[in-house]
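2 protein chains.
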Amino acid sequence: MIVTPQSMPFREPLALQSGAAIRDYALAYETYGTLNAQRSNAVLICHALNASHHVAGAYAGQERSQGWWDTMIGPGKPVDTDRFFVVGVNNLGSCFGSTGPMHVNPDTGRVYGADFPVVTVEDWVNAQARLLDALGIERLAAVMGGSLGGMQALSWTLQYPQRVAHAVVIASAPNLTAENIAFNEVARRAIVTDPDFHGGHFYEHGVIPRRGLRIARMIGHITYLSDDVMNEKFGRQLRERMDAVQRTAGAYSYTLQDVEFQIESYLRYQGDKFSEYFDANTYLLITRALDYFDPALAHDGNLAKALAPALAKFLLVSFTTDWRFSPKRSREIVKALLDNRRDVSYAEIDAPHGHDAFLLEDARYMAVVRAYFDRVGKELMSAAGPSQGAKAPPGGSEPHAVGSVGAPS
Amino acid sequence: MIVTPQSMPFREPLALQSGAAIRDYALAYETYGTLNAQRSNAVLICHALNASHHVAGAYAGQERSQGWWDTMIGPGKPVDTDRFFVVGVNNLGSCFGSTGPMHVNPDTGRVYGADFPVVTVEDWVNAQARLLDALGIERLAAVMGGSLGGMQALSWTLQYPQRVAHAVVIASAPNLTAENIAFNEVARRAIVTDPDFHGGHFYEHGVIPRRGLRIARMIGHITYLSDDVMNEKFGRQLRERMDAVQRTAGAYSYTLQDVEFQIESYLRYQGDKFSEYFDANTYLLITRALDYFDPALAHDGNLAKALAPALAKFLLVSFTTDWRFSPKRSREIVKALLDNRRDVSYAEIDAPHGHDAFLLEDARYMAVVRAYFDRVGKELMSAAGPSQGAKAPPGGSEPHAVGSVGAPS
Chain H
1 MIVTPQSMPF REPLALQSGA AIRDYALAYE TYGTLNAQRS NAVLICHALN ASHHVAGAYA
61 GQERSQGWWD TMIGPGKPVD TDRFFVVGVN NLGSCFGSTG PMHVNPDTGR VYGADFPVVT
121 VEDWVNAQAR LLDALGIERL AAVMGGSLGG MQALSWTLQY PQRVAHAVVI ASAPNLTAEN
181 IAFNEVARRA IVTDPDFHGG HFYEHGVIPR RGLRIARMIG HITYLSDDVM NEKFGRQLRE
241 RMDAVQRTAG AYSYTLQDVE FQIESYLRYQ GDKFSEYFDA NTYLLITRAL DYFDPALAHD
301 GNLAKALAPA LAKFLLVSFT TDWRFSPKRS REIVKALLDN RRDVSYAEID APHGHDAFLL
361 EDARYMAVVR AYFDRVGKEL MSAAGPSQGA KAPPGGSEPH AVGSVGAPS
Chain E
1 MIVTPQSMPF REPLALQSGA AIRDYALAYE TYGTLNAQRS NAVLICHALN ASHHVAGAYA
61 GQERSQGWWD TMIGPGKPVD TDRFFVVGVN NLGSCFGSTG PMHVNPDTGR VYGADFPVVT
121 VEDWVNAQAR LLDALGIERL AAVMGGSLGG MQALSWTLQY PQRVAHAVVI ASAPNLTAEN
181 IAFNEVARRA IVTDPDFHGG HFYEHGVIPR RGLRIARMIG HITYLSDDVM NEKFGRQLRE
241 RMDAVQRTAG AYSYTLQDVE FQIESYLRYQ GDKFSEYFDA NTYLLITRAL DYFDPALAHD
301 GNLAKALAPA LAKFLLVSFT TDWRFSPKRS REIVKALLDN RRDVSYAEID APHGHDAFLL
361 EDARYMAVVR AYFDRVGKEL MSAAGPSQGA KAPPGGSEPH AVGSVGAPS
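Going down the list, the sequences are from chains H and E.
Residue 113 in this note's numbering is what sits at position 113 of the first sequence, and the numbering runs on without skipping anything.
Residue 169 in this note's numbering is what sits at position 169 of the second sequence, and the numbering runs on without skipping anything.
Only true hints are included.
The list treats identical chains as one, so a pair stands whether inside a single copy or across any two.
No more than 35 angstroms apart at the CA atoms, straight line, and that leaves these computed lysine-lysine pairs for DSBU-like:
hint: 1; residue 1: Lys305; residue 2: Lys328
hint: 2; residue 1: Lys305; residue 2: Lys233
hint: 3; residue 1: Lys233; residue 2: Lys328
Don't read these hints as lab results, they were simulated from the structure.
Excised from the complex, chain H in its bound form:
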């Protein structure tokens, strides 16, 4: 599937949760499949920290340019683009195409840098809603995301309950734990205390706070993997380019700063690569959006109350070895939805890969999502016409809000 990125400009200011506003911004996006005549088959994909609007397919003439969720989305895949019109969108503040800290602030004529306004999950959802307006999509067949993307999918059902038929929330949480905030904070400190950060205005100095970005990414990678998979993948194996004699003897080279174990070279490589393409201000923005997300905050911590406005049907998926967004956190969302008598499916996948599992091709995981989207597709068909009338639930044009949805408490 060959795809082309697009950009949608927005002139009108978007009011942000912080009280600030942003104007003259653009959102990068891609679409896969065809919007049907009823405009009812759209699926919005929300991305997490290190991802973008390039969700599926590949760019013409570019090897290895597959989208980040290409195993999940495409023709004949679990989210089948022969059936659904899938929209991938890059969030505000990103460094992959949408307006972000590297762009020029129209109010000052200078690059935003650290002056880019703080954006939240709710702000992103509002910006995505405007994009859908521009694309002529009133109601989503589904909104879907993993991790931070799952937070956006959940927030969609609260901010625009009438516009979402199904929400697919994968490896996510109703808010971050103190431990997760702590990891984010260490990563941010590594970035902002890098002398090349220059208070976030490093672009003007022609430098990049690479050291901080490397550390941030290394921390991230540790938390994305499970202890078990890390042991299996790297264990205590000595580095590959070690002198062959030493390696055979299983001996150490007794070095303090050089790479000794394979896990070290893996992390350094990941850190180096990341620091080449990721923007430091974007890292701060996105991790802060993670920290801030907490729909229950305005309800004295009562998540059931917070989720009462949701009208969508839900699929939640978690992974047993994910210690960053553990199954326990997904179960909190499931319970709060059930307290509101919502229609919820939940799958806890026994996968060894930790948080990363949501991006990997696990057969059971794929089967769960495929089955769920089959159901979404069938509901679309039964809503579409009289040929399926016998199976259609009462309510006609709004079948998704009928039957299994209880009244908000």
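Got chain H; can you put chain E on it based on the hints?
The following block gives chain E in isolation, referenced to the frame of chain H:
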């Protein structure tokens, strides 16, 4: 209990595992209690990353100068200094008194800095054995340590099996997992990529790589605590000095770089404090010693074979919420010792505090250690004289190696 640190100089070179040697070094140490006439009641305490020879008691005229394990060791405490002669020793390479990177290299007349030789757990144990020689202690009633200190206690039983009656190994592991090495590596990278590190020769530049040390300590703190205790202690509470109106409203201030959550100010405070007193080169040395420790390496990973030389009796303790040195890792040691038919006691303490629990005053934990040292004391008494003859096991002067100790396989 008022105590005084002492220093023992060593002229003779100490051969190190790396092949290098160190000469003209000194070890800082403290002793508590009285060595008995038979010189049989000595207990050696080995320290972990951020600790020293100052294990118990306090310094005259210094408020809040209690040793790092003062809850455990002292008159009437679980390791009772009315009964045992306890020795605390600072390891080579430390920054708390023993010869380390901040001292002058006698070979060059310059401060060691990054040229301080790599030291291992085995090297530390050899250095500690020399200190005991100098103190006239041939055989230890017990060697004891937590975390990295537990690795030293375990190594004592392998390097000097005849010199150790009991080994108390707390919250430790037979080696680090890939995840633990990974956390160490990120901390090290933060230090060595700090521009103030100057390749480890920062002393000459009159600077300290504080940024790197802060990040290292923040990472450490996250891994010492359990997710649960962090949530309980800090949760998602907003910072204390926040504007009272905002705090009442439970609202955010939408800041990217300032402290927003209490966990952030806690970590920053810990990082700042640490960077004021801890040496960067010492941090590299000690974390590398942790990485390298792996007695099974020379036995194709067979821990039972590796532990076969041990003659001591063992107490192992682990804590349920310790994800850095999990109970599973202690159980590996227990199993390997049982495979060798060694005398092993094992307690898995249900404590919420994560790895930090080994330093805290948990009643069950204290009771387990107290009961074990009661036994160590009784064995000493029964070995000491005919008045306890009826209870003494056969074997006379070497009672500790008799009965429950099987033959090495």
